[in-house]
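Peer 1: Residue numbers (numbering that gives the first Met the number 0), protein chains in the order written: chain A, 0 to 72; chain B, 0 to 957.
Hints listed in this document are in silico derivations from the structure and should not be mistaken for laboratory results. Be a bit skeptical, because a hint or two may be false.
As the list claims (entries may be wrong) - Some chain B residues near chain A, calculated using beta-carbon distances under 8 Å:
#, residue
1, Asp344
2, Glu626
3, Pro627
4, Gly628
Note that the structure is a prediction, hence the values are computed from the model and not measured. Yeah, the Cβ is synthetic: ideal placement off N, Cα and C, and Gly gets one too.
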Amino acid sequence: MSSSPDRLVYMANQIGKFFQSQGHDRAVQGISEHIWKFWDPRMRKQIFAHLDAGGAGLDPNVLDALQKLKLQA
Amino acid sequence: MSLIQETDFGTPKSKSETMVTLTIDGNTITVPEGTSIMRAAMEAGTQIPKLCATDMVDAFGSCRLCLIEIEGRAGTPASCTTPAMNGLVVHTQTERLKKLRKGVMELYISDHPLDCLTCAANGDCELQDMAGAVGLRDVRYGYEGENHVFAKSHGCDNDAWMPKDESNPYFTYDPSKCIVCSRCVRACEEVQGTFALTISGRGFDSRVSPGMSESFLGSECVSCGACVQACPTATLTEKSVIEIGQPEHSVVTTCAYCGVGCTFKAEMRGEEVVRMVPWKDGKANRGHSCVKGRFAWGYTTHKERILKPMIRERIEDPWQEVSWDEAFNFAATKFKGIQQKYGRDAVGGITSSRCTNEETYLVQKLIRAGFGNNNVDTCARVCHSPTGYGLSATFGTSAGTQDFDSVEHTDVVMIIGANPAAAHPVFASRLKKRLRQGAKLIVVDPRRTEMVESPHVRALHLPLMPGTNVAVVTALAHVIVTEGLADEAFIRERCDWSEFEDWAAFVSDPKNSPEATAIVTGVDPKDLREAARIFATGGNGAIYYGLGVTEHSQGSTTVIAIANLAMVTGNIGRPGVGVNPLRGQNNVQGSCDMGSFPHELPGYRHISGDAVREQFEAMWNVKLNKEPGLRIPNMFDAAIEGTFMGLYVQGEDILQSDPNTKHVVAALSSMECVIVHDLFLNETANYAHVFLPGSTFLEKDGTFTNAERRIQRVRKVMTPKNGLADWEVTIGLAKAMGFEMHYNHPSEIMDEIAALTPTFAGVSFAKLDELGSVQWPCNEKAPEGTPIMHIGGFVRGKGKFIVTEYIATDERTGPRFPLLLTTGRILSQYNVGAQTRRTENVVWHAEDRLEIHPHDAEQRGVRDGDWVRLKSRAGETTLRALLTDRVAPGVVYTTFHHPDTQANVITTEFSDWATNCPEYKVTAVQISPSNGPSDWQKAYDEQARHSRRIAPVVEAAE
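Let the hints inform the model, and build the full structure from the sequences given.
Peer 2: Here it is as structure tokens:
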């Protein structure tokens, strides 16, 4: 699991699961804010690259959150 | 400098607010009701002779030396047990009293050796002082009669004589010098709460007895030192005093072990420590200590300490000793080269939770300003980072809410995932004292810990399956909300009501009930309901928690759930309540406060905030990077990927303490330059290219911040053996990197911290010297600090209830790995053991053992003491089994104090969703009998031995 992007996908989905119970909109907001606050730029770059390649394995809320974050970046 | 003499008032201080006035020896004295006459006299400056009384324990009235006369009352009562009352007229010195006291002393001395000149207590003996005070001039009875003093009397063996007990490595028990004052017995009971000592026999046969007449080492004694401190003679004496002699000066300083932050007097002879004695005015410890702080400081002069800087090109090479400048230049050249080749973000550092605030601050400053990135992290990543996240989300601050004194006002204590008796022993003693007074105790822990089993304490134990904290705490909330036990007035006033309603609806869902969750948690729903009711209705409820909460995939979620629980019961914002994380290392709170996290500047302010960053840029005269840096696990991943190639590690052994050792080895091996700044060649140093020798807490000035947010002074008592204090080393390294920092003394660093950090604005060394300590926030609004937070309202405004859905960890048991391993600590050892393993503490814990339930052991053919192979999906190791029903069937437990055990070869890379704090507490494992060390252990040992070689210095030819 140590090779990215698998690890980053796992971490992003883990964040997604915490926010899941808060409903789509708040979850997307919470996930994107969390990743923006705590992930270093190289990690964000990697996950965006993975997103561009289709974002396989990312949960729906996480996918939306990353797309939102990418637009802001 | 001189020896600090603390006044012994004889009996404890009364907390009453009602005052009474009496006359003692013609002086009018006003004291709180409940004060003894002995104490009242001492407060007025009159010392009534005494032997069995001391103000750390309750009055006992056995020595009959402190007699007084009271006008209008018959007899000569003991002043220690007689309370001061309005209008009493007391005389402390009359002809009758003089005669009585002299008679008492004469009897004592008739059965006491007269070897005063060669006695270890010479110069510090209360018996000698009292003989002097009462004017004893001769002993009419002689010394020939029945006695406890001589091995032989009249040519025969003296049955009443007992030899010395030298079994404890730190102190000696010499029964021939005992006056049976019971101070040691009472200290063990009242102060420490272990009840290891008793008085056996009656009358002339009375003896101090550890356990059932066992040796100190063989008894339940935990070697806290309270009895030694209480002993008025040389009966219980530190071996260091016996060896060296009495100290001549003392310096007040702060212990460098756990997050309790005990204050000690370092009692010195020149630059040699004679002993460490807990200081009664220490606000964290109130004069108490544990075996680590009191006795285990021998590592500071251990022969394995590295005192010269060393470098090497490759980790396969032996170390070369060099000058400081050569080491700094070598390291700086490497780091600059890495940054040129791989980019500015390819290096970083780890601050130490064992070093001072000032040193930690300088390391993060070097990284942010000197390296030009934010790749800084600290040990808190792997312990309490979820605390910072969870409490700041719910309450608005990243720290505990109370001071330790608060426990004296608590009615119900809930301990979750912590074992203070082993990891925070002095706090545990204060807690147990409160429990013996009647406070109730709820323990949520997979193991029946020492807290559950402590004497005269009845705990309601909820033994949950590791990894189900969120389900249990949410179920507690379920009971409170659905049974109408929530504190609605508090919630309406202090919290966001609509968020509360959302949360209440969530916890009320039947799927969160104790009955529904029992299948995963393993907790009896009846017990859980009872615990919830007690906590919600039992008065002041306080929650104390530890790494059993944070070190999980849902660590941050559990912290939030705990905060919810405190809010729903209104247990925030006054003495006796609160949410109290028990921080692991001495300065882990401080290292977090000082901006050790990659996304936060000192004072927990996000690096992206322009206004805050600009303040630092102006002070440091450099442009700062506004992007968050890498956290420790991310650094390892990036190293393996080839984008992170240089690491400066101050005072932290990441190889031993971080999970999945193989992964850490791979990461460290990938780096081109690892700088280890430490006392010893630790495990991480096996993969290092530069070794910068560190200094101990005895060798430098600075401050530590404990789990109560209490900032306390660390004071230098000896010259650094390695030549430089750690803050000076960081300055030297920074200078070689081309980043100059100018400080003449750590106090100037604190002044800079105060200027940049609003919660520290009022902190200075001068204020700490004046007040002893302060708890942050300390600023204009709270010039003497803040013992209790969130009084009247939360720091963030309204308290925030957040929904905490239980999500099982992905680390699951199955046919191949059917058992759950959880990890913890033991009293005598500290963290990775780098310090405590280099002391006599190893007599209590020489190796890590695997606790396993007899049922699980029998199924696998494992007997007590057998070597077993412990295997997880990450790796395998071997250690010896310890059969015990403290763990439930299906759960096994070990500690990670010894590098040869390599418990972290087993632990996985799963981590907390919010902070990447590793999931140390849950690993699926299998156990089988084994013949000895695994191949990994052998290979590791070989590499370590090879890597620790130091090249002999070649003498120049004449």
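Peer 1: Compare the structure with each hint and give your call.
Peer 2: Verification of the hints:
Among the interface hints, the one on Asp344(B) holds; its C-beta lies about 7 Å from the nearest C-beta in chain A, closer than the 8 Å criterion. Hint status for Glu626(B): holds, given a least beta-carbon distance of 5 Å to chain A, under 8 Å. Restraint check, Pro627(B) versus chain A: the minimum CB separation of about 6 Å is within 8 Å; hint holds. Against a cut-off of 8 Å between C-beta atoms, the interface hint on Gly628(B) holds, since the closest Cβ of chain A lies about 5 Å away.
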